[in-house]
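Following the hints, position chain A against chain U.
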Amino acid sequence: MTDGWNIVVCVKQVPDAAEVSIDPDTGILNRADAEAVMNAPDYNAVEAALEVRDEVGGTVTALTMGPASAHEVLRGAVAMGADDAVLLTDRAFGGSDTWPTSLALARAAEELDADVVFGGEETTDSSTGQVPPGIAAHNDWAQLTYVEDLEPRPDEDQLVAKRDVEGGYERVAADLPVVVAMEFGENQPRTAGLHRKIYAETDFEPVEWSAADIDVEDEVGLAVSPTQVGGMATAEPVPREQEKVDDVEEIADQIAEVL
Amino acid sequence: MAAGANADTAAEVDAHSDVWVFVEQHDGEVAKVAWELLAKGRELADQKDEDLVALVMGEDIRETDIPQQAIARGADRVLVADDPIFEPYRADPYGEQFRHLVEQRKPDIALIGGTHTGRDFAGRVAVPTHAGLTADTTELEITDERYEMRRPAFGGDALATIICPNHRPQMSTVRPGVFDTPEPDESREGEVEDVETVVGEDETLTEVLEREVGDVADITDAEVVVAGGMGLEGDFDPLWELADLLGGEVAATREAVEEGWIEPARQVGQTGKTVRPKLYIAVGISGAIQHVEGMDDSETVIAINNDGNAPIFENADYGIVADYAEVLPELIELLRERLDDTPEVSA
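So the sequence lines, in the order shown, correspond to chains U and A.
In case it helps, my numbering puts the first sequence at residues 1 to 259.
In case it helps, my numbering puts the second sequence at residues 1001 to 1347.
Pulled out of the complex, with its shape left as it was, chain U reads as follows:
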């Protein structure tokens, strides 16, 4: 392939985890209090997507599903260097769990004729890690998760990844198209240059697609989501003595006692 790869990078707007609070009376999360930011592991995904494009050529398209305000994360990705961006936005998507979410992203990736789809390892709000494998499963594409490092082989239409596995690592070659979930913190995401930032904020408009545009209107949303949230509770802290001591001797006493 001489004209490079069509690379899609999925990003998600999440509430800043440090700012989410829980109403002590109702146990309900006050998402609204928290600033909306790009999911932290997605920065690693965007960086990896840009690096692969720099190596093999082609384009990077940022993709997200969310309300109109999710424009912001797409602009963030474009400011970092993504060439284009698509927002999947429609009331029909509301209440989708990971099954329909990954379906919508999978259909959009097909529509974009993707060779490689990147995502972060997991999101900081839901932490399921299910969406990248879900996209791969919906499209029956290869997948590479917990990826630390990538080696594109454009001549063979393959992407080779070094993956983190329990107790070590493995190197896996996957046929295109492939979905890649980047392990959090595995690369140094580039900072957006000033001109690019201004372009993303002022001149750039993401493409918007509805559920009908990708032909999933009957297959997304709360009603078709296999899982439902049956309740949300504040995690109860385990009661602890919380005793501070001044003397190392006392710490040694406590350790000896436990043993």
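No wet-lab data here; the hints were simulated from the structure.
Beta carbons: idealized from backbone N, C-alpha and C, even for Gly.
Treat the hints with caution; some may be incorrect.
Covered by chain U, according to a simulated footprint, are these stretches of chain A (three or more residues, beta-carbon under 8 Å) [as the list claims (entries may be wrong)]:
hint, stretch
1, 1297-1304
2, 1313-1326
If you anchor each label on the Cβ, the simulated ranges turn out as follows [claimed, not checked]:
hint, chain 1, residue 1, chain 2, residue 2, range
3, A, Asp-1060, U, Ala-223, 41 to 47 Å
4, A, Glu-1259, U, Asp-16, 40 to 46 Å
5, U, Glu-35, A, Ala-1015, 45 to 51 Å
6, A, Glu-1193, U, Val-245, 56 to 62 Å
7, U, Asp-149, A, Ala-1015, 43 to 49 Å
8, A, Thr-1143, U, Asp-54, 49 to 55 Å
9, A, Asp-1221, U, Val-229, 31 to 37 Å
10, A, Asp-1060, U, Glu-205, 56 to 62 Å
11, A, Asp-1049, U, Asp-54, 57 to 63 Å
12, A, Glu-1207, U, Asp-54, 23 to 29 Å
13, U, Glu-217, A, Asp-1046, 28 to 34 Å
Same frame as chain U, now just chain A:
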């Protein structure tokens, strides 16, 4: 082609029964979480008066004692998918084989360890079977004949209850270390059944070029865990010395792992492992909720940190506000004297 998203009927839900547990193995070594899941699965199957079915995939599995072990640990039946295509692990053949078995035999619930392997392929089963897949369950119970899975959300600040009212099967990945592993009962009896392999090498999408796996440290099993965080600035030596002295294991926060100070297998917390030792010593750890979540089941927690306002002190039984570099050598010396006096407790 993925199944459509049309909701299953009540009859479809009723048609599913049995508790399935995926027994993850690599090169004949079983991931301990599989035994934890069999123990929990046995409890659930008894409550529902259903069978507990273990599923093992790999090559030459019949030449190992894994099927017998699975029975000794609670399985009524063991399904063995034995084929070179399953070794080493790859998401696409594992997912396809598991999907086939799920569609053919209709389990009510399937439990998979929340390891990198389990989290990698669970979705490849859940998507085509349109199963409800809950990630990283930490509590699992049956209420009104319905499974309720609880899992941490928002970095552990909240606990979400996930239900799956209209779809079968239900699936869940479960973190290592969450459930107990009782002693196996070698006198238990069960059936071992070989299943047909439905995937061929020419259909696979991936190839493992190289696999390097050393001795995996198992911090989930340790009675004593000495853990370090950013406050150590990479200086883990005194932690190893203290852990050796106490017969324990060294663990770390995610940040310390990301700095490359210690291997990822020793990470405790939301994205790492859950530990429940008798004694947890947190050194230079601030106590972010994501970390606390992985060590909150420890019996006694001791914190050493030079920042008196660090949240770890709220999650500790005993704490000392001091520099680890001063405390640890003194502590090691004091403990060495005491343990020498009473060698029988040094276990």
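Cross-check of the supplied hints:
| no. | hint | in the structure |
| --- | --- | --- |
| 1 | 1297-1304 | holds (count 6) |
| 2 | 1313-1326 | holds (count 10) |
| 3 | A:Asp-1060 with U:Ala-223: 41 to 47 Å | 46 Å, holds |
| 4 | A:Glu-1259 with U:Asp-16: 40 to 46 Å | 23 Å, violated |
| 5 | U:Glu-35 with A:Ala-1015: 45 to 51 Å | 47 Å, holds |
| 6 | A:Glu-1193 with U:Val-245: 56 to 62 Å | 58 Å, holds |
| 7 | U:Asp-149 with A:Ala-1015: 43 to 49 Å | 45 Å, holds |
| 8 | A:Thr-1143 with U:Asp-54: 49 to 55 Å | 53 Å, holds |
| 9 | A:Asp-1221 with U:Val-229: 31 to 37 Å | 33 Å, holds |
| 10 | A:Asp-1060 with U:Glu-205: 56 to 62 Å | 58 Å, holds |
| 11 | A:Asp-1049 with U:Asp-54: 57 to 63 Å | 59 Å, holds |
| 12 | A:Glu-1207 with U:Asp-54: 23 to 29 Å | 25 Å, holds |
| 13 | U:Glu-217 with A:Asp-1046: 28 to 34 Å | 44 Å, violated |
The structure is inconsistent with the numbered hints 4 and 13, although it conforms to all the rest.
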